[in-house]
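Order-wise, the sequence lines are chains R and X.
Each residue of the first sequence is one higher than the one before, starting from 1 at the first, in my numbering.
Each residue of the second sequence is one higher than the one before, starting from 368 at the first, in my numbering.
Where hints are given, some of them may not hold.
Sample of chain R residues lacking proximity to chain X, with all beta carbon distances greater than 12 angstroms (derived) [said to hold, decoys possible]:
{"no.": "1", "residue": "V62"}
{"no.": "2", "residue": "I140"}
{"no.": "3", "residue": "L279"}
Now the in silico label distances, taken between C-beta atoms and shown as ranges [what the hints assert, rightly or not]:
{"no.": "4", "chain 1": "X", "residue 1": "W672", "chain 2": "R", "residue 2": "S345", "range": "42 to 48 angstroms"}
{"no.": "5", "chain 1": "X", "residue 1": "H717", "chain 2": "R", "residue 2": "L88", "range": "39 to 45 angstroms"}
{"no.": "6", "chain 1": "X", "residue 1": "G839", "chain 2": "R", "residue 2": "S196", "range": "53 to 59 angstroms"}
{"no.": "7", "chain 1": "X", "residue 1": "A398", "chain 2": "R", "residue 2": "R11", "range": "51 to 57 angstroms"}
{"no.": "8", "chain 1": "X", "residue 1": "V402", "chain 2": "R", "residue 2": "S196", "range": "23 to 29 angstroms"}
{"no.": "9", "chain 1": "R", "residue 1": "V188", "chain 2": "X", "residue 2": "S553", "range": "53 to 59 angstroms"}
{"no.": "10", "chain 1": "R", "residue 1": "W242", "chain 2": "X", "residue 2": "P464", "range": "29 to 35 angstroms"}
{"no.": "11", "chain 1": "X", "residue 1": "R531", "chain 2": "R", "residue 2": "A192", "range": "42 to 48 angstroms"}
{"no.": "12", "chain 1": "X", "residue 1": "L444", "chain 2": "R", "residue 2": "L87", "range": "33 to 39 angstroms"}
Hints were generated in silico from the structure; no laboratory data involved.
By construction, the Cβ of each residue, glycine as well, lies at the ideal position given by its N, Cα and C atoms.
For reference, the chains in residue letters:
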Amino acid sequence: MGWWRVTGLKRGLDGVLLGLALALAILGVVLVYSATFHQASLSHLALRQSAWVLVGLIAAWVFFSVDYQALVARGYGFYGVVLVALLLLIFVGKRSTYGATRWADLRYFYLQPAEFAKLGLILGLAKYLSVPGRRVDSWIALAMPLGLGTVMGVLILRQPSLGTAMVLIPITGAMLYVAGARLWQLMVLVGAGIGSFPLLWHFLKDYQKRRVMTFLEPDSDALGAGYNVIQSQIAVGSGGVWGKGFLQGTQSQLHFVPFHHTDFVFSVIAEELGLAGVLLLLGLYFGLLARLADIAANTRERSGALVCVGILAMLATQMAVNIGMTIGLAPVTGLPLPLVSYGGSSTVVTLACIGIALNVHRESRGA
Amino acid sequence: MIRRPLRAMASFQRGADSKRRVEHLAWMAAALVVVLASRVAWMQVLEGEAWKELATRNSIRNVPFRATRGLLLDRHLRVLASNTPSLSVGLVPAELPRDKVEAERVLDEIAILLDLETDEVRQKLARQRTRPFAPARLAVDVERSVVAAIEERRKRLPGVVVLRDTKRVYPKATAAHALGYVGEISQRQLARMVEDGYRLGDLIGQTGIESVYDQDLKGVDGGRQVRINASGRELGLMADIPAQAGDDLVLTLDARVQAAAEEALGREAGAIVALDPRNGEVLALVSKPDFDPNIFAGRIRAKDWKELLDDERKPMNNRALQGLFPPGSVFKLVTAIAALESGVITPETHFECLGIYWIATWPYRCWKEIGHGSVSLDRAIPESCDIFFYQTGLRLKVDRLQRWAHELGFGSKTGIDLPSEAQGLVPDPAWKERTQQMPWFPGNTVMMSIGQGYLLATPLQLAVMVATIANGGIRVTPHLVKRVLASDGSVVREIDVPPAAKVRIHDETLRLIQNGMEAAVQDRRGTAWRSRVQGLSVAGKTGTAQNPHGEDHATFVTFAPLENPQIAIAVIVENGGEGGLTAAPMAKKVMEAYFKD
């Protein structure tokens, strides 16, 4: 069985999963269109997002066509490549202290490896956890997978992208849980993590905290962030049951809500299509997540199940954190709404993940 | 095909437990969706009316305050640029009266108070369209009497706010071209830089150090977010973020040397560049005529701006790195190095100078009409014999001459950390063929060998060239910043000395050139005797660049002390006549300032 394998598209294709992902992606393009409708300078973004969806579908097809077990078998390789890319960024970022463009360089790149990092971690963990006879029910056995997550998390924090780094936690947690880690051990770890943060924070001086915050999330000058959240809450709340109508949202169309084609795209659907639109969107997400769980539960092959679980955790977390941020339930961290927010690397990586899940589904039905 | 399912079976330790655990995750995902849906439903259905009220009468005001810009300090921490408080007047678009006529009245009234056209006010508001709750700055650096008049009419001017800003000051009004100046970000800059976190209304460095190191200097703006009532009164504070001051820069400039150089050039047009030949640190960078960067800091008067732009002497041009001049006889140093390194002459080679030299029927003259007689290199450099170098150039041929010109930094940017550097021109036959459809004549080589003809260089390139000769062949990269300091004085980072290129020249060659330059200053017949400094071994080379448009340009390059060079200087005086007469004494003043302690 080779690395590349041309497969008939229809054979074993999970139409439900693909359909749900496509529906979300199309909804995303429509929302980006609305969000940028009155801004001439951004009006090309809906078209560009459709192009990203197409690129993503090609990526999905590729990941659907290859042998996913061969992908997982090269899991460490993927993990390593992403790690090197992240390290390289730090190196490049440090080297160009001379001249004025270093920030632009750094920031231009930071999104991309971070998006791919999530997939790299999923594949790396899947490889480690699917080795026959692997046990993860002792502290020592947990060290390696936790190390994989931590190393990558620290590098992403340096990007700096707090949001993406945080997503690695549920990914690792969920995969460990399904791989058989003891629940109480995971709980202790999460507790220790949460517990140590304020302690650590306590030792920082005020100006250091501010620096850390601006370091982690340069866009989150709180005047901006607080403002964004209030404005997006107003947008969501004033949407009512049926919304103000497509392209009719006063908050979004008057640009009171910033970043409304990227991070705050949820406020556009909530304002213009109201609760009905929100339930549609959440319904699609729920369907997608349930389907991923279904595939994970029904495959008899361990690595495939683990990969699907990782993808499920990644998408669920991003969805929850992004929407939570828009309605004031979560801090502003700049995570995109998967498949819906404008953004090339996020869209492509997410669709590629869907491709892998489709692949696992096909194989689970017995090839 | 058959092995894989078997392998899968072998590793299949999952079973019911693992399946159950996936289900747990599905339930958690479902719970997340339910929580989100409930919260949205709660907001949209139960609280909907309240949010709608807010949406129609949005009543939040953002009052940003600008971060204090980092200081610019010279190498001995003397302040070159700092800040002083000033007041600005802004208008919050969202707080204008809803009634069109009423809104127009406010615009008219504030325009009159601020001495602006109503259209200007409208334009500034239009640019603020994307952030209607933040004030658009209508006027900066507003006088107190005007602010008082606005406060008196507060009730009649809804939306008008007074902002506490700072404005940039340059206490010594020195080194304008190196430091640059600041101004409000333009539409074009914004479009380019929005991804770097710049926003409308930001102050940003427009040129010079202020522009190149803007990210270090600008700091992080702070601000307050307040709820207001319909008449613009503040009801409550929602957020208060202190601004973080920008980082200070310690420059390589020495304010005293800089001042001496500026004074030396005086009212002449031209440039002086002084480098530390050991590492490329720029000690002084003068371009004249210059401008007062302070006039940009506050509210620049249209008249001042127009005057600067229309001035025929182009004071905004940074001649030190944008001005292109034929280098004149200072280029003979390059010709001499090229000739010695290629072996076409030796220290013993003599050429006869009779004051005129014929190529076929074309006469080429020496500046000294009666001629220098029989001349070798040891006299050709100090006495700047043209005919010696004509013949040297002819032996060298153009390709070796232009290759060595490139080696010594001509024809490419030096890489200084300032914007808009010119790269100059080192002509060669291909270039001439391309641009003038004419072949390269021997006469072109002759002219080039004494730094005339098509050859063009910036004063900065000349300074780098002489620094390279001074320090034994290291082509340094000139730079202006030593380190970045936080506002509490701690070091944020040291700026590494940018990489330098090693030019492969024999020590013997360099020694000959340096000795020739020393003789030019110290000898009775040397052309550069006016740059002598008591008790200092100065080496120099004069130049007088013919200028088809008028009086010759005076040029001079020098370094000192000969034994362990600490300063390398290039001087160009536009239409200054003879280099030895005009430019050399200026370099002397700069060296005196540097070595006086």
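Here is how each hint holds up against the structure:
Separation of V62 of chain R from chain X is adequate, the least Cβ-Cβ distance of about 21 angstroms exceeding the 12 angstroms criterion. Every CB of chain X lies more than 12 angstroms from the CB of I140 of chain R, the least distance being 19 angstroms, so the non-interface label holds. Not every C-beta of chain X lies more than 12 angstroms from that of L279 of chain R, the closest at about 6 angstroms, which undercuts listing it as non-interface. Taking the beta carbon of each, W672 of chain X and S345 of chain R are about 44 angstroms apart, inside 42 to 48 angstroms as hinted.
A hinted range of 39 to 45 angstroms is violated for the C-beta pair H717 of chain X and L88 of chain R, which are about 60 angstroms apart. Look at G839 of chain X against S196 of chain R: about 56 angstroms separates their beta carbons, and that is inside 53 to 59 angstroms. The hinted window of 51 to 57 angstroms between A398 of chain X and R11 of chain R is violated, with their beta carbons roughly 36 angstroms apart. Checked against the hint of 23 to 29 angstroms, the pair V402 of chain X and S196 of chain R passes, with Cβ atoms roughly 26 angstroms apart.
Evaluation of the 53 to 59 angstroms hint for V188 of chain R and S553 of chain X yields a pass: the beta carbon distance comes to about 56 angstroms. Taking the beta carbon of each, W242 of chain R and P464 of chain X are about 32 angstroms apart, inside 29 to 35 angstroms as hinted. In this structure the hint that R531 of chain X and A192 of chain R lie 42 to 48 angstroms apart at CB holds, the actual value being about 46 angstroms. Look at L444 of chain X against L87 of chain R: about 37 angstroms separates their beta carbons, and that is inside 33 to 39 angstroms.
In this structure, the hints that do not hold are numbers 3, 5, 7, in rising order.
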